[in-house]
Structure formats: structure tokens, C-alpha cells
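Turn these sequences into a full structure, and let the hints steer you where they fit.
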Amino acid sequence: MKRILVATLALIAAATTAVRAQSLDDLNIQFHGYATEGFLYTTNNNIFTTSSSDGSPAWTEAVLNISAQPTPKLRVAIQGRYFLLGNFGNAITLDYAMADYKADDRFGVRFGKVKTPSGLFNETQDIDPSYLWSLLPQSVYPITSRNSLLSHYGGVAYGTIKLAPGFGKLEYRGWGGERVLGADDGYFVSQKESGLNLPNGLSGVTYGAALHWITPLRGLMIGASDGKDNQWNSAVTAGGGALSGTEVIKPLNTPSFFGRYEKDKLMVAGEFSRLPVNGSINFTGLPAEPIRLDDHSWYAMASYKVTDKLTAGVYDSQLVDHQAALGPARYSKDWAISGRYDFNQYLYAKAEQHFIEGTNQSYDTALNPGGLKPNTKLTILKVGVSF
Amino acid sequence: MHKRFLIFLSVAAAMFFVSQAHAQLIIANPSVKASEASKGDLKDIFTGASSSLGGSHVTPVLLKSGAANDEFLAAYIGKSDAAFMASWRSLVFSGQATMPKSFDSDAAVVEYVAKTPGAIGYIGKGSPHEGTKVLAGK
Numbered sequence: 001m002k003r004i005l006v007a008t009l010a011l012i013a014a015a016t017t018a019v020r021a022q023s024l025d026d027l028n029i030q031f032h033g034y035a036t037e038g039f040l041y042t043t044n045n046n047i048f049t050t051s052s053s054d055g056s057p058a059w060t061e062a063v064l065n066i067s068a069q070p071t072p073k074l075r076v077a078i079q080g081r082y083f084l085l086g087n088f089g090n091a092i093t094l095d096y097a098m099a100d101y102k103a104d105d106r107f108g109v110r111f112g113k114v115k116t117p118s119g120l121f122n123e124t125q126d127i128d129p130s131y132l133w134s135l136l137p138q139s140v141y142p143i144t145s146r147n148s149l150l151s152h153y154g155g156v157a158y159g160t161i162k163l164a165p166g167f168g169k170l171e172y173r174g175w176g177g178e179r180v181l182g183a184d185d186g187y188f189v190s191q192k193e194s195g196l197n198l199p200n201g202l203s204g205v206t207y208g209a210a211l212h213w214i215t216p217l218r219g220l221m222i223g224a225s226d227g228k229d230n231q232w233n234s235a236v237t238a239g240g241g242a243l244s245g246t247e248v249i250k251p252l253n254t255p256s257f258f259g260r261y262e263k264d265k266l267m268v269a270g271e272f273s274r275l276p277v278n279g280s281i282n283f284t285g286l287p288a289e290p291i292r293l294d295d296h297s298w299y300a301m302a303s304y305k306v307t308d309k310l311t312a313g314v315y316d317s318q319l320v321d322h323q324a325a326l327g328p329a330r331y332s333k334d335w336a337i338s339g340r341y342d343f344n345q346y347l348y349a350k351a352e353q354h355f356i357e358g359t360n361q362s363y364d365t366a367l368n369p370g371g372l373k374p375n376t377k378l379t380i381l382k383v384g385v386s387f
Numbered sequence: 001m002h003k004r005f006l007i008f009l010s011v012a013a014a015m016f017f018v019s020q021a022h023a024q025l026i027i028a029n030p031s032v033k034a035s036e037a038s039k040g041d042l043k044d045i046f047t048g049a050s051s052s053l054g055g056s057h058v059t060p061v062l063l064k065s066g067a068a069n070d071e072f073l074a075a076y077i078g079k080s081d082a083a084f085m086a087s088w089r090s091l092v093f094s095g096q097a098t099m100p101k102s103f104d105s106d107a108a109v110v111e112y113v114a115k116t117p118g119a120i121g122y123i124g125k126g127s128p129h130e131g132t133k134v135l136a137g138k
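For the protein sequence lines, the chains are A and B, in the order given.
For the first sequence, the working numbering assigns the number 1 to the initial residue and increments by one for each residue that follows.
For the second sequence, the working numbering assigns the number 1 to the initial residue and increments by one for each residue that follows.
Be aware that one or more of the hints could be misleading.
Within a straight-line C-alpha distance of at most 27 angstroms, the following computed BS3-like cross-link-like pairs (lysine-lysine) qualify [to be verified]: (1) Lys133/B - Lys73/A; (2) Lys33/B - Lys43/B; (3) Lys309/A - Lys43/B; (4) Lys169/A - Lys228/A; (5) Lys169/A - Lys79/B; (6) Lys125/B - Lys73/A; (7) Lys162/A - Lys73/A; (8) Lys73/A - Lys64/B; (9) Lys33/B - Lys162/A; (10) Lys169/A - Lys39/B; (11) Lys333/A - Lys305/A; (12) Lys133/B - Lys263/A; (13) Lys133/B - Lys265/A; (14) Lys64/B - Lys39/B; (15) Lys133/B - Lys309/A; (16) Lys263/A - Lys79/B; (17) Lys43/B - Lys133/B; (18) Lys73/A - Lys43/B.
Rather than coming from a laboratory, the hints here were simulated on the basis of the structure.
Listed below in C-alpha cells is the structure:
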């Protein structure tokens, strides 16, 4: 809350300084937003903490964005979101609140609460109107951790460097600040079910960099990013407060390699990322409980614009935890077939079919009392409106 | 017979060249230093990938709809109006840009571009464009 206040004040201060003696029209104040409603149905397991095997409409999002551009080089913007997915969210959160100064194409900087520009889709993973899929590949962009991974408190420096003729362009981004995994993040689902409570979630210093090479082959971009997080510590309780201690996550390194090729109506893309986590839960007087996972995740996707209004696509998304025991909980393999129809520039509908093998997803055991089945088919229908 | 064939060839060639000529004028505020812009320059500017042209900071200005708008998007951006606006919304919602100003008519675009340093827009080829400079293709 304090951070939000600081970010908002920074925003207002920046705007006020820059806009002296300007009219409201000069500020170019804009309001944009979108809202989506999703329906999930699974043949076996209840997924994403919804009752999806009965058919669940518990997936609602609404976003309001307010921005102003007091000078050609300075923008200020704030974006809030209502998010509900099963037992996740049902709250309004701040996507970002920032001031952006772009000196020229070669250098710009944002500060406040800002989106983290890692990977191929991290900055845009929440923007449902901007892509075909109902769900982005969950191996790399888990929706149950989206609010935590989307943005951080701090800053981003960015720019584009033109390379020698015939070598294309290089887009760079560097970021730093503090990341907060909220107490309701998907990462904590299994811990909560085993009676652990982290009232403040986890937080710590984060920094990283990304490079996108816009190659001379028109439509082809190749990139890499690497995010680093210092050690995270958080208070943890168990047994209704009878036990108290600390959860520690040792420094993280999350590399990602990706590429995208677009030509006319065709788009193909792929990404590989790794998330090695090493930590422990420490209660006074008890031996430390280790936390270890090593997720290797990748996806490959392709889409085709069949008509101006209809787009279709397919992806294969896979995740394997190399620290997990052999069995369905070690992996998740998800084939998805997707379609999107744009009625006009404001209203669209999506339909998506997933064929999921393995149970390394955000399942909670309380909603699957009979145990998890190794395979699930997931059908998603979604409508959205944006302005 | 030869004469008819030559007439046919001439008409066909004329139709070909007319279809290749752009039906829009690219106009800019006189403060913009550049006097020409390539298709790639314009695509970068109007998709938010670049905000400079020939050393000047530039800001794109759009038409809301109409034939000139559709033809410009087809010729320079390669997207339908819906897809074009969706890509701008993606930039707005990810915090990377502000939606460009858009206007209902060529006259309104010309008026805004003429009075706004760095503004760059497009209008139908026959429209008056007093107070702006026309950028040539390169």
C-alpha cells in the first residue's frame, strides 16, 4: 500500500511539474479499458481453483487505464484491474502506475510500478484483447502467478539501437527494483493447503535485462532475457499460528530465449525458459523443510489470420520439473487449438480446446478430493470488449 | 489489330501505374526536418516502434475511418483497422505508449498537424493541406 502511494505520488509530481500552464486538452488525457468473461469446462480435474468439471464461469477481468501525455517526451499512466479466477483474486489490483520519459528512440526510462519486460509476452500477458489465445502457454506464463510476475516497483530503461546497414536493429530493456509475490499467488496454493500461511507473500530485489534483435529478415525477431532475484524472506505461520518461522528463497536466475516470425497472415513463435528455485521453510526448533524445483519450460505456437475477422492457431506448451519425482506431477504437456472472431474493433469472442497431460498445473487438492487424474481436456469460451 | 493491341497495352500499363501510386498524402508539421520518408519509416512511426524521423521527434496522427484510412493501413501497415487498433491498445495497456490522436476528417488532421510541432499524418491525395509539408516517398 505504501509503495502504491509512493508510486502514485511520483506520478502526480512528475505530471504537475511538467504540465504547468497547460490546458486539459494539451495533456492528452485518455481513458481506455477492457473486460472479459470466460467459461471453463474440464473433463477430469478442476483447474485453476475453479469447479471447472461442472463448467465454471468464474473467470472475469476488467481493466481501466488512464494516461496523459503532457509533453511529447513525457507520459504518465495508471492502470487498475479487477481479476477473478476461481479462488484467485476477486480484488482490484494496480497493474502499473508510472511516469515514462523517452528522450529519443535510443533511450527512455520508466519508473514507479512498471511492467517487467522479460520474455516474449510478459509485458502483454494480461492484455487479452491483444492476442489470439484464451490462455497463453501455461508452462511459461502461469495465469495464477500473473499479477506477481507482470510488474515490479522500480524502473525500466529501454531503447532501440540501429545496427550497421543490413544487420537490423537491437531493442534493449534493463530493469530493477522490488518484486512482490502476493499472498494469494498461485505459488502458495499447495503451501496453503498444507496449513502454511504467508500473510505478506514473498518479496525481494529484482533486476534483469532483455535484448530483442530485429533481424534484417523482415518479420523475424530473436531475443533473450535474464531476470535475477536476490534472496527472498518472509514470515510464515502454521497450525493456526502455533508455529512461526521464515520462508527463504535463495537467489533466483530465470533465463529465457525466444523468437517470433511474422509474415503476412502467419505468425510463429517459441520460447524456452528455466526457473530453478532453492529454498527452505524454517520453524523454530524444527528441521528446515527444503523447497526445490527446477522448471524447464517451452512452447511453440503458430497462428494464421483466416479472414480479417477470424484468426486460428495452435500451440504446444510443456513444463518439466527436473527436481520432482517421476510421475504425472513432474510435468505438464498442453496442446491447444484456438480461434478468435472479431465482430468489430471493440468486441470479440474466443474458443479454445486444450489437451493436457500431467498435473504440474495450479490444481488445488481441496477441489479435487478424489485425487488428480493424469489427463484432462479443457474447453474455454471467452468474450471480451475493449475501448 | 496492332493499333488495338497497343491501345490495350497502354490502358493496362496506365491502370497498373495508377494502382501502384499511393492514394494518400503523408503530411507533417513544418518543424519536422525530414522531407521524405520510406515505407519502413512510416510503418515504424505509425505502429509506435519509432518516434523519430530524420532527427526530429514525431507524433503520429490518425484518421478514424474512411477510404484514405483503409488504404493507408493496407499500403503501409499491412493490417486491417481492427488489427491496427488492437496493436495500439496492446501498447497502451502494457504502458508503452499513448493512443495517437485521431480525427474524423482530412481537414481536422491537416488543422492539427499544421499547429502541432512534430505531428505527422495522412490524408486523401486531393485534400487541401495548407500549413503542412508533404513528405515524399523514398
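A quick look at each hint next to the structure:
Among the hinted pairs, lysine 133/B with lysine 73/A is consistent with the structure: their alpha-carbon atoms are about 23 angstroms apart, no more than 27 angstroms. Restraint check for lysine 33/B and lysine 43/B: the C-alpha separation of about 18 angstroms stays at or below 27 angstroms, so the hint holds. At roughly 22 angstroms between alpha-carbon atoms, lysine 309/A and lysine 43/B fall within 27 angstroms of each other, so this suggested pair holds. At most 27 angstroms may separate the alpha-carbon atoms for a hinted pair to count; lysine 169/A and lysine 228/A meet this at roughly 25 angstroms.
Among the hinted pairs, lysine 169/A with lysine 79/B is consistent with the structure: their alpha-carbon atoms are about 22 angstroms apart, no more than 27 angstroms. Using a Cα cut-off of 27 angstroms, the hinted pair lysine 125/B and lysine 73/A is violated, with the two alpha carbons roughly 31 angstroms apart. Simply put, lysine 162/A and lysine 73/A have alpha-carbon atoms about 20 angstroms apart, close enough for the 27 angstroms limit, and the pair holds. Between lysine 73/A and lysine 64/B the CA atoms are separated by roughly 24 angstroms; this keeps the pair inside 27 angstroms, and the hint holds.
About 20 angstroms separates the Cα atoms of lysine 33/B and lysine 162/A, which keeps this hinted pair within 27 angstroms; it holds. A threshold of 27 angstroms between alpha carbons decides the hint, and for lysine 169/A with lysine 39/B the separation of about 16 angstroms falls inside it, so the pair holds. Simply put, lysine 333/A and lysine 305/A have alpha-carbon atoms about 26 angstroms apart, close enough for the 27 angstroms limit, and the pair holds. Pair hint lysine 133/B plus lysine 263/A does not hold up; C-alpha atoms about 33 angstroms apart against a cutoff of 27 angstroms.
For the hint linking lysine 133/B to lysine 265/A, the alpha-carbon distance of about 34 angstroms lies beyond 27 angstroms, and the restraint is violated. The straight-line distance between the Cα atoms of lysine 64/B and lysine 39/B is roughly 21 angstroms, inside the 27 angstroms bound, and the hint therefore holds. For the hint pairing lysine 133/B with lysine 309/A, the CA-to-CA distance comes to about 36 angstroms; that exceeds 27 angstroms, so the pair is violated. With a C-alpha separation of about 12 angstroms, the suggested pairing of lysine 263/A with lysine 79/B holds against the 27 angstroms cut-off.
For the given pair, lysine 43/B sits about 19 angstroms from lysine 133/B by alpha-carbon distance, which is consistent with the 27 angstroms threshold. Between lysine 73/A and lysine 43/B the alpha-carbon distance is near 20 angstroms, which keeps this suggested pair within the 27 angstroms criterion.
Hint compliance for this structure: hints 6, 12, 13 and 15 are not met, and every other hint is.
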